[in-house]
Each structure stands twice: as C-alpha cells, then as structure tokens.
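S.K.: Given next are the chains, with one letter for each unit.
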Amino acid sequence: MTDRSADALLAALADAEERARVDARTPDGHAAQRARLLAAVSALADDDRLAMKSALAQPEAFILDRLNPLLGPAVARRALDLTRAGARDLPTAWPDVEAIGTSLFTHLRPLVGEDIAGLVRQQLALGVLLWRELCAT
Amino acid sequence: MRDLSRPRLLAAFLGLSAVGAVSHVVTDAGVMVPQLLLVAVVLTVTAARAYKPGDPPRRAWIWLACATWLAVVGETVNAALGPGLSTWLMAVSNAMWCASLLDARRKIVAGALVPPLARAWRWALAAAVLVGLAVAFEVAWALRHGSPAYPHLGGARLYHLGFVQLCDAVVLVAGVWLLGALHPLWGGAAARPFLLVTAAAGIFAASDLVPLFVDLPVPRPWIRALIVGGWSLLGVAGLAQLELRRAMFASTADLRASLRGLGPRP
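These protein sequence lines are chains A and B, in that order. Heads up: the first sequence at position 57 corresponds to 57 in my numbering, and the numbers run straight through without jumps. Heads up: the second sequence at position 139 corresponds to 139 in my numbering, and the numbers run straight through without jumps.
Careful, some of the hints might be misleading.
With a cut-off of at most 16 Å between alpha-carbon atoms, the simulated EDC-like pairs for lysine to aspartate or glutamate come out as follows [claimed, not checked]:
#1 Lys107(B) <-> Asp55(B)
#2 Lys107(B) <-> Asp65(A)
#3 Lys52(B) <-> Glu114(A)
#4 Lys52(B) <-> Asp115(A)
Non-contacting residues of chain B with respect to chain A, defined by C-beta distances greater than 12 Å in every case (computed) [unchecked claim]:
#5 Ser17
#6 Leu70
#7 Ala91
#8 Ala134
#9 Arg157
#10 Tyr159
#11 His160
Here chain A is said to cover these stretches of chain B; the calculated rule only asks that three of the stretch's residues, wherever they fall, bring their Cβ under 8 Å from a Cβ of chain A [unchecked claim]:
#12 162-170
#13 243-255
Calculated directly from the structure, the hints in this document are not laboratory data. In this text, all values refer to a predicted model and were calculated from it rather than measured experimentally. We put the CB at the ideal spot given by N, CA and C, even for glycine.
Build out the structure end to end from the sequences listed, making use of the hints.
M.R.: This is the structure in structure tokens:
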C-alpha cells in the first residue's frame, strides 16, 4: 500500500468511515480497518508524510472542515471570525484551537443545542491531539 | 456526510406519504390518523432525544409535537363524533404551529451567528405580510357574507375556517421570516430540519389559502395530497434532526478512534 499517495489513503480512510457510518456500525466495529489504513499512512514515503503534515498544519482549514457541513460556508466563516474577534488578522495557531472550540460552543448552542455544539468543541480538541501526535514532535 | 443521508430521508418521506395515501384509500373516516400518529411519535422522540432540557431550540420541537398530537386527537374525535370539538382542537393545533415557527426564528437569530435579514428577504417578508392582510380581509368578508370557496359552511364552522386561515396567514409570514433567518445557513446540515418544517408550513398554508383566492372546481383531491405531503415533510424534519445528531456523534467517534489508531507515541 505504500505506493499510494497520502491523498488516496486519506480518501480511502474517509470513505471507509462514511460507509461504516451509513451502515450504522459502531466505531469499534470498523476500528480495525481504520487502524490498518492509519498504519499505511504511517508507512508513507517522506514526501507524502510531508504533504499530510502540511494539511494538518492549517488549523483554520481543519476547523472549517468541521463547521462547513454543519453551518454552510458563509456562517462557518462568520463563526470562526466571531471567535477570533481580537486577532482576526493573525493566523490561527493550533494551541489556540481549544479556546476557539469553547467560544464556538457558546455561539452554536442557541442554534443547534448543547449536544451538537459540545461535539464540535470535542472534535476541535481531538484535532489538537491529532496534531500533537502527528506534527508537533 | 450530508449526501449519504438524503436517500434515507427521501425513503422516510415516501414511506410516510404512502401510509397517508393508503389509509385515505382504505378508510373513509379518520384517514389521517395512522400517518399523524407516526409523525407525532417522530417529533416527540426528536424533542426528547435530539436536545437536552433547557436547550434553546428544543421548545420549537415541543410545540410541533404538541400540535401534531392535538391533530391526532382532533382527527380521532372527528372520526368518532363528527366535526364540532375536533374543529377547535385542529384550530389550537394550527396556533401551536405558529408558535413553533416564531420561537424557532427567535432562537436562531438570538446568537450572533446569523446575520440580519438580507434586503431581498425583507421584500419577501413585506410581500408575505401583504398576503396575510389580504387573507384577513377575505376572512372578515366571508364571516359577514359566507365563504365563496366553501359555500355550504356556516355558523361555527365558518368561524373555525376563518381562524384556521388567519393562522395560515401567520404561518406564511412566520415561515418567510424563518426562511430569511435560515438563508445564510443553506448548505449546512443544521438548517435542514427547519427548512423542512418551513416547507411543510408552506404546503399547509397553500392548501388552505389557495382556494380563498382562486376559484377551483370541487372536489379537490390535490388538497388532501398536499396535506399528506406536508405531514410527511414534518416527520422527515424530525428524522433529519435526529440524523444530524447521530452523524455528529459518529464523526466525533471516528476522530477519537483515529487518534487511538495511531497507537502509543514512540
């Protein structure tokens, strides 16, 4: 599998997760398949690993990837800007993402309720952990 | 994430519509009850499971669930005892619809996420208000001279019809107002449930109000078809909200599992 590009592997990972979701399998039910794909990602050539890291190097893109399907592109952008009212001109850094998640929770709760707003916050916190595991060291 | 749930929601819409259509063909009395019962259960589950107590959007779903349960009781009473009490139960159900749409709009614009109403939507809202005023004048005229659309009606039934049509006018205005608030969110899964609710409200308003302005031949089976479709859309709206919550839980669990899949750090 190491001859596959990072994009193809990540697409396969996303596809496998989407199929599992549609089939209403539990996360544990398809964990083995996901682990195999992630192992393949970890065995990528250096260039491909660099490409993956550069994808995770854009925290703003990661946040918008979470928000766009939920809010649509216009309100997702607006939500992100609202959380960064004092620092809109500065690039978003990963260490700020947890605070952004907390602020987003406050803005999202009236619209989508506590559960979904909490899940967005949780996804951003998990993103920070993923970044630490893959890129920070 | 969104595209894959569409076939399931479409299947739910077709299923609910089929229940409504089949029960209309099979029985003469209480034709709506099986479909309404299913929709009421879906909306009750939505209000109970999709939100926590105290969540701002929850109340709008509670209004909708109550409106549907009242419609179930109204249709059952109508089948058992004939019109009378049932007409007033349905009127209260209509009023709850209005409350739901107005409450949903208030909660959506309460945060800073949704920008103020765009100019085009302000014009649309003004047009809806004009239609609402025209309905009010028509209702006032019909109460004095009788309804041209339903010439056999009189007395209390005429007042009930007028009340329902006034509720529909409010639903029309509230629906356009809510659509304007939802417009920036189009393309996002969070908007979908209330877009479906608004579509259902628009269908109900059209089925009641079109005969008021356009002289259409009777019988009007298309009105029954519109009502069956409207209730089905309302049920699908509840399912869309539950589906959204489920998808969010699944994608969060996927992220967590991805993290686990990386294994211990070297």
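S.K.: Compare the structure with each hint and give your call.
M.R.: Here is how each hint holds up against the structure:
1. For the given pair, Lys107(B) sits about 10 Å from Asp55(B) by alpha-carbon distance, which is consistent with the 16 Å threshold.
2. Distance check on the hinted pair: Lys107(B) and Asp65(A) sit about 25 Å apart at the alpha-carbon level, beyond 16 Å; violated.
3. For the hint linking Lys52(B) to Glu114(A), the alpha-carbon distance of about 7 Å falls within 16 Å, and the restraint holds.
4. Taking the CA atoms of Lys52(B) and Asp115(A), the gap is near 7 Å; set against the 16 Å cutoff, the hint holds.
5. With a closest Cβ-Cβ approach of about 23 Å to chain A, Ser17(B) is found to remain outside the 12 Å limit, as its non-interface label requires.
6. The Cβ of Leu70(B) lies farther than 12 Å from every Cβ of chain A, with a closest approach of about 24 Å, so its non-interface assignment holds.
7. Look at Ala91(B): its CB is around 30 Å from the nearest CB on chain A, clear of 12 Å, so calling it non-interface holds up.
8. A cut-off of 12 Å between C-beta atoms confirms that Ala134(B) is not in contact with chain A; the least separation is 33 Å.
9. Every CB of chain A lies more than 12 Å from the CB of Arg157(B), the least distance being 41 Å, so the non-interface label holds.
10. With a least CB separation of 38 Å from chain A, Tyr159(B) remains clear of the 12 Å interface cut-off, as annotated.
11. Once the 12 Å rule is applied to beta carbons, His160(B) is consistent with being away from chain A; the minimum gap is 36 Å.
12. Here's how the segment 162-170 of chain B fares: 0 of its residues keep a CB closer than 8 Å to some CB of chain A, so the rule of at least three is not met and the hint is violated.
13. Counting residues of the segment 243-255 of chain B whose beta carbon lies closer than 8 Å to any beta carbon of chain A gives 11, which reaches the threshold of three, so the coverage claim holds.
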